[in-house]
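Asks: Protein chains in written order, with this note's numbering: chain L, 259 to 642; chain E, 259 to 642; chain B, 259 to 642; chain R, 259 to 642.
Warning: the hint list may mix true and false statements.
The list treats identical chains as interchangeable, and a pair is accepted whether it falls inside one copy or across any two copies.
Quick list of in silico lysine to any residue cross-link-like pairs, SDA-like style, CA-CA up to 25 Å [claimed, not checked]:
| id | residue 1 | residue 2 |
| --- | --- | --- |
| 1 | K307 | G488 |
| 2 | K473 | A293 |
| 3 | K266 | T315 |
| 4 | K279 | D355 |
| 5 | K279 | E296 |
| 6 | K473 | A529 |
| 7 | K279 | P490 |
| 8 | K322 | G309 |
| 9 | K401 | Q346 |
| 10 | K266 | D370 |
| 11 | K443 | F344 |
| 12 | K307 | Q346 |
| 13 | K463 | Q533 |
| 14 | K318 | T546 |
| 15 | K636 | G543 |
| 16 | K279 | N345 |
| 17 | K266 | F375 |
| 18 | K463 | A529 |
| 19 | K636 | T421 |
| 20 | K463 | N542 |
| 21 | K266 | G488 |
| 22 | K463 | E635 |
Everything labelled a hint here was simulated from the structure, so no lab data went into it. Quick caveat: nothing in here was measured; it's all calculated off a predicted structure.
Number of protein chains: 4
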Amino acid sequence: MAGSSFGKHFQITTWGESHGKGIGVVVDGCPAGLALCESDIQHFLDRRKPGQSRYSTPRKEADKVEILSGVFEGRTTGTPISLVIFNQDQRSRDYGDIATYYRPGHADYTFDEKYGFRDYRGGGRSSGRETIGRVAGGAIAVKILQQLGISFLTYSRAIGPVTIPHTADELLSVFEQNHEDSFAKIQNQILTNPLYMPDHDSSEKAQAYLEDCMKHTDSAGGIIEGIITGVPAGIGEPVFEKLDANLAKAIFSIGAVKGFEIGDGFLAAAAKGSQNNDAFCMNNGAVTPVTNHAGGVLGGISSGAPIIYRAAFKPTPSIASTQQTVNNAQEEISISIHGRHDPIIVPRAVVVVECMAALTLLDLILENTSAKMESLEKLYGSGV
Amino acid sequence: MAGSSFGKHFQITTWGESHGKGIGVVVDGCPAGLALCESDIQHFLDRRKPGQSRYSTPRKEADKVEILSGVFEGRTTGTPISLVIFNQDQRSRDYGDIATYYRPGHADYTFDEKYGFRDYRGGGRSSGRETIGRVAGGAIAVKILQQLGISFLTYSRAIGPVTIPHTADELLSVFEQNHEDSFAKIQNQILTNPLYMPDHDSSEKAQAYLEDCMKHTDSAGGIIEGIITGVPAGIGEPVFEKLDANLAKAIFSIGAVKGFEIGDGFLAAAAKGSQNNDAFCMNNGAVTPVTNHAGGVLGGISSGAPIIYRAAFKPTPSIASTQQTVNNAQEEISISIHGRHDPIIVPRAVVVVECMAALTLLDLILENTSAKMESLEKLYGSGV
Amino acid sequence: MAGSSFGKHFQITTWGESHGKGIGVVVDGCPAGLALCESDIQHFLDRRKPGQSRYSTPRKEADKVEILSGVFEGRTTGTPISLVIFNQDQRSRDYGDIATYYRPGHADYTFDEKYGFRDYRGGGRSSGRETIGRVAGGAIAVKILQQLGISFLTYSRAIGPVTIPHTADELLSVFEQNHEDSFAKIQNQILTNPLYMPDHDSSEKAQAYLEDCMKHTDSAGGIIEGIITGVPAGIGEPVFEKLDANLAKAIFSIGAVKGFEIGDGFLAAAAKGSQNNDAFCMNNGAVTPVTNHAGGVLGGISSGAPIIYRAAFKPTPSIASTQQTVNNAQEEISISIHGRHDPIIVPRAVVVVECMAALTLLDLILENTSAKMESLEKLYGSGV
Amino acid sequence: MAGSSFGKHFQITTWGESHGKGIGVVVDGCPAGLALCESDIQHFLDRRKPGQSRYSTPRKEADKVEILSGVFEGRTTGTPISLVIFNQDQRSRDYGDIATYYRPGHADYTFDEKYGFRDYRGGGRSSGRETIGRVAGGAIAVKILQQLGISFLTYSRAIGPVTIPHTADELLSVFEQNHEDSFAKIQNQILTNPLYMPDHDSSEKAQAYLEDCMKHTDSAGGIIEGIITGVPAGIGEPVFEKLDANLAKAIFSIGAVKGFEIGDGFLAAAAKGSQNNDAFCMNNGAVTPVTNHAGGVLGGISSGAPIIYRAAFKPTPSIASTQQTVNNAQEEISISIHGRHDPIIVPRAVVVVECMAALTLLDLILENTSAKMESLEKLYGSGV
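Chain L on its own, in the form it takes in the complex (with noise of 0.2 Å):
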């Protein structure tokens, strides 16, 4: 399949290895007359760039991010615009043996099923340098988002076993009653800080627990949390392409990501109706509900409330340990693997995650645009 593609309207195309020339994303379907540089997406890239902290691979990428088509006199022009971000330090020779044997918990021998052979040299195309792609193109729809009034917040719930005391609800209230600053002084927290944990406390406990991982050449995962506010009331199409149901899809095309939930998710299956329903007011003279289990879905469109919504992502495979597996001559051998890896992925997954999320609401919300003939009257005229 063309499995390289995600989006429908505003399109990204991804391709590229960890260790071969270059990691890309070709946007197609951007409208047209949005200022866009490179800064606007260098600045998304920072974030999941390797080497911001001990946490993260010493492999040294600037990632630098350059614009080659479809953006003139500084404006996007409504034609793919073709994204590149070459590769520096690709020491293959840290790769060769793993050739010959299948990583447990990677894709080595998936790959070899499906294709018949693989990329081997830094996991290939199933390396985390292919989300490199996403996230250039996510800062672009970020951007167009934030022209329509939408904001992001994404940052890690836990770490391993700690996690944030907080629901979204409570950051999100504090939040609310104080918009500008308190926003403002939440997403500078988590940019702040090394794991990207909007609580002081929690990230000093969670970095304590990866010092013990390391110190024992294991890994951690964690769960991610987002929450977008200003969505529109009226976004998502039913039954198959509801909001919840691509933004769950679009995160479970992360690598590492193995559970996804909306609003109250695995907790709202021991809850009753009673405590589960939404409750509808007035607020502004907008419909609002009071509560927020659902995390701003109703039938797979979006109700106006903020949209939150979680990913479990399991721990880093690559582990220095000893582990058992098979070679390539199917042969049962014991591995350690060496090499630059991430003790945890999670913090510099959370833009990523942003991205995902934000690629899936532009599309439904372009989408949307031919939902009622009122629509098209007020965009075409009428003839009648």
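Based on these hints, arrange chains E, B and R on the given structure of chain L.
Replies: Same frame as chain L, but now just chains E, B and R:
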């Protein structure tokens, strides 16, 4: 959007509303030469039909399927298969009052915001009856997959707070020791208890819980778990069309689903790499994972191990207890929803989940036919 | 492939065979709020119905459409519209003999090669009756476009060697001088003559030609021409989803079409640039092409000028004259096809061409709603 | 729309403008295991490169392709292949003046209407340089098809009013009598004459015609014809994804194409059924059409006979003669376009047509792999 189609190769397009003339599905892209008759499909529809137990709506519907096209002399012809199920018991008068207000937990408000108005009778298109089309199409997918050696086991893992004591792996290990017998036995246990639970004690406790809910005019949710065995390694397309990502979307497109996980799911987020990685060994000449924390998918591609996934369903939103909401004159009101509703939809949703999983898997199996030059040469020969 | 769907936004999925239970179409993605009833659609189906003149098959079919979903209280709801037309006069006995051999000019052989067997009754899915679904869906597209000020004029330009003496431009110039009256007059002329030709003399000559064909148990082809007025400039997507490219595919997907051209078409190949270029002038404050060699499309995007296109139809392949062919025992045989066939399908295909053009244009008009940031801000407001 | 992607399985996504940094294509869905290097692709690019004869623009471009991803150790890996061709000779100063007015026959006006503004340098995205991406991707498609025994012969049938005297059938019959030699001979004849015509006399006459055009600062169009041999029967999907319909779209998506026909094309419209039907006979144990009026397609599905099609190209719109147009201040002005333009684009478009045909055919060949249960069982085995 054309949001009522699912699948790229084996594509279903569903239509119909709760209180319209009927519900239907067009199945396009079905391989030619499959033996198919109405009872193959009816068997699946009967598993979701209302009135099977005291825990489902008393609405009377035979849900009788009719094949209108695409089958000739008992076999599929490769052309679209049109299936229709006419509605019978449509008492629209039950729903006259809900035209004027927004039921909490339902899609009334969001449909109005999206389309400007809605077919309010029984939820219209957002009703659970919409899933009939999925089940009718999915039944065909299951039949094709069975011919390729693939089996499905789907059941209620939890009803409200009552959870079965065995993991999917444990259920499966029983099953694996004595394939034919135990699989049939578990299937029989599932299909003959009113809650589709594979454990008698849990089912009894869950029924007691539901009786209590009903007494208090309240409703319950639950968790459905699915196991798919016999899937060949290599199914799923990097990077956006991963098997698990498509499964997540498919399951999340079912109304009332609030969470999805694969393998260890959210538990994996708190585990360490050394615990979560599945070592490989040789087993009967095949590379095989020793454990199955991954749930049968690595890098979005099937590994040959059983695929294990779970979906969280929220409690039925229609409850007779008093609730606060808003009417379409934007007045705040109190309501109490009467009519014929399920106190829980989980048991009837089991077959819907199974069908969506089958549709997803089949589509990716059809996709994978062109992954390698070797496959093309096998089918078309080589001109060299 | 799911090859029975057309369109990305306004998507039709057709089903049904010539001698099955019926023919139908699911229209998904229709904007909500359009007034729609069965007679809106029936009006179009009546234009292609058999038995309207002595030049079409005497098969008796009312081709009565029924709306099964997607319309509530006389308006479209935004959910899928399912339309069904049950077959009535299915004399399958007429076709028993063709089960065993391959009719020249038909798809019998190619269906067998593709699928391994075929529904041979009346051509099954490859019958001209398949176009009923296109017309039913297209009728809705035409109605939407009319509300945006877009009009269609479609007619037989040639029947066999008999061609009308006026170019589309000449027909149009009459029309443009006195819009309301002349358009209605031409439409009336087309709809009231048995060959749908906009010229009385040509129609007489063509009828004489057809009488001669019928006398010699032979058949005829022809050329259909279409004019679309009122299309706003800017419709069509570079580079692969051009308006003319999509129109070419849409029209070529109608069985029996062997050629398609836009504007001057093949004549343009022999012209010089100085002859073929359309100069621009100002006309009532609008940039307007002075001539229309281009047929209303520049770079695959509509220019605001009338869209003019033509399709060549081959003669009906079913003829009673003796023909050489092969049977499914691979023996060479002589056959003579009897039964109820059209000596020409062009007149009945006129409305099919019009509907496919409307489906194509509407889909691209819906697509174009998100071409500019300006449009998004008009629909969703701006958060800045 | 994401309008820059073509194909569902073997999908190309092109990007780049005439005077931007470069032109590129991402090829997604290429089967793994194909031997591929840059010279495989360069060979095709050289056929459309400017400056090959005095009838093409003197712009100097090496059009050197670089593979950035998707190929490992000389073989395709199944992951996206990113190809880039950097622009070299971009003299933007040539185009400064066209920023302010609309060139007749170009897409300047329609891009402005669609997007609000445009990259005016050399036509930006609507330049003929856009086809570089098609050729680079198409070269890979041709290589795959060759391995399945499929061959392409594509050439200029007409240059302005000068047409070669042989039909495709006649060319082919020479070719068929002595396959290897004659095919190579015709290919050689095509590739070594500056107009890619398979007839020496016609080429001479056409060159004289072009000299005359150039003397009068005018331009010419022409007709390209393609023959594809070795296509297995059964390729193409009823009813909307027919082989000829997709081919029509593919070819019509090339700028400057105004007409497309298959087999006898427009001539079929004037023929009788008895003349136009192709009888079947047995030939070396295979069902074979005796004649080929159909051009190798019946009911939209390949019959095994050679596929024969033609495309009409309009004359190059950029001419130095004086023309009337409008500027963006909506004033009527006279212009004369100077700069480096092709007096005819037909010869350079030959390889573009061939590549679009190959992309279309390959995509449908990949699609057809799942048409029958029998094929699935051949690839996946049967569990029964």
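Asks: Can you give me the call for K322 and G309, within, between, both or neither, at a CA distance of at most 25 Å?
Replies: within (14 Å within a copy, 36 Å between copies)
Asks: Evaluate K279 and D355 at a C-alpha cut-off of 25 Å and name the case that applies: within, between, both or neither.
Replies: Result: close within a single copy only, 21 Å intra versus 39 Å inter.
Asks: For K279 and P490, with the copy left unspecified, which applies at a CA distance of at most 25 Å: within, between, both, or neither?
Replies: neither (41 Å within a copy, 33 Å between copies)
Asks: Cα distance capped at 25 Å. Does K266 pair with F375 within a copy, between copies, both, or neither?
Replies: between (31 Å within a copy, 24 Å between copies)
Asks: Should K636 paired with G543 be assigned to within, between, both, or neither, using CA atoms and 25 Å as the limit?
Replies: Both, since 24 Å and 22 Å are each at most 25 Å.
Asks: Can you tell me if K636 and T421 fall within 25 Å by alpha carbon in one copy, between copies, both or neither?
Replies: Close neither inside one copy (48 Å) nor across copies (42 Å); limit 25 Å.
Asks: How would you classify K307 and Q346 at a CA-CA limit of 25 Å: within, between, both, or neither?
Replies: Within. Shortest intra-copy distance 13 Å satisfies the 25 Å Cα cut-off; inter-copy 32 Å does not.
Asks: Regarding K266 and T315, is the shortest C-alpha distance of 25 Å or less found within a copy, between copies, in both, or in neither?
Replies: Cα proximity of K266 and T315: none, with 34 Å in one copy and 37 Å across.
Asks: Give the relationship of K463 and E635 under a CA distance limit of 25 Å: within one copy only, between copies only, both, or neither.
Replies: Neither, since 57 Å and 45 Å both go past 25 Å.
Asks: With identical chains treated as interchangeable, where does the CA-CA distance between K401 and Q346 reach 25 Å or less: within a copy, between copies, both, or neither?
Replies: Result: close neither inside a copy nor across copies, 28 Å intra and 32 Å inter.
Asks: Cα distance capped at 25 Å. Does K266 pair with D370 within a copy, between copies, both, or neither?
Replies: between (30 Å within a copy, 24 Å between copies)
Asks: If the cutoff is 25 Å on CA atoms, where do K279 and N345 land: within, between, both or neither? Let me know, please.
Replies: both (6 Å within a copy, 19 Å between copies)
Checked against the numbered hints given earlier, this structure breaks hints 1, 2, 3, 7, 9, 11, 14, 19, 20 and 22; the rest are met.
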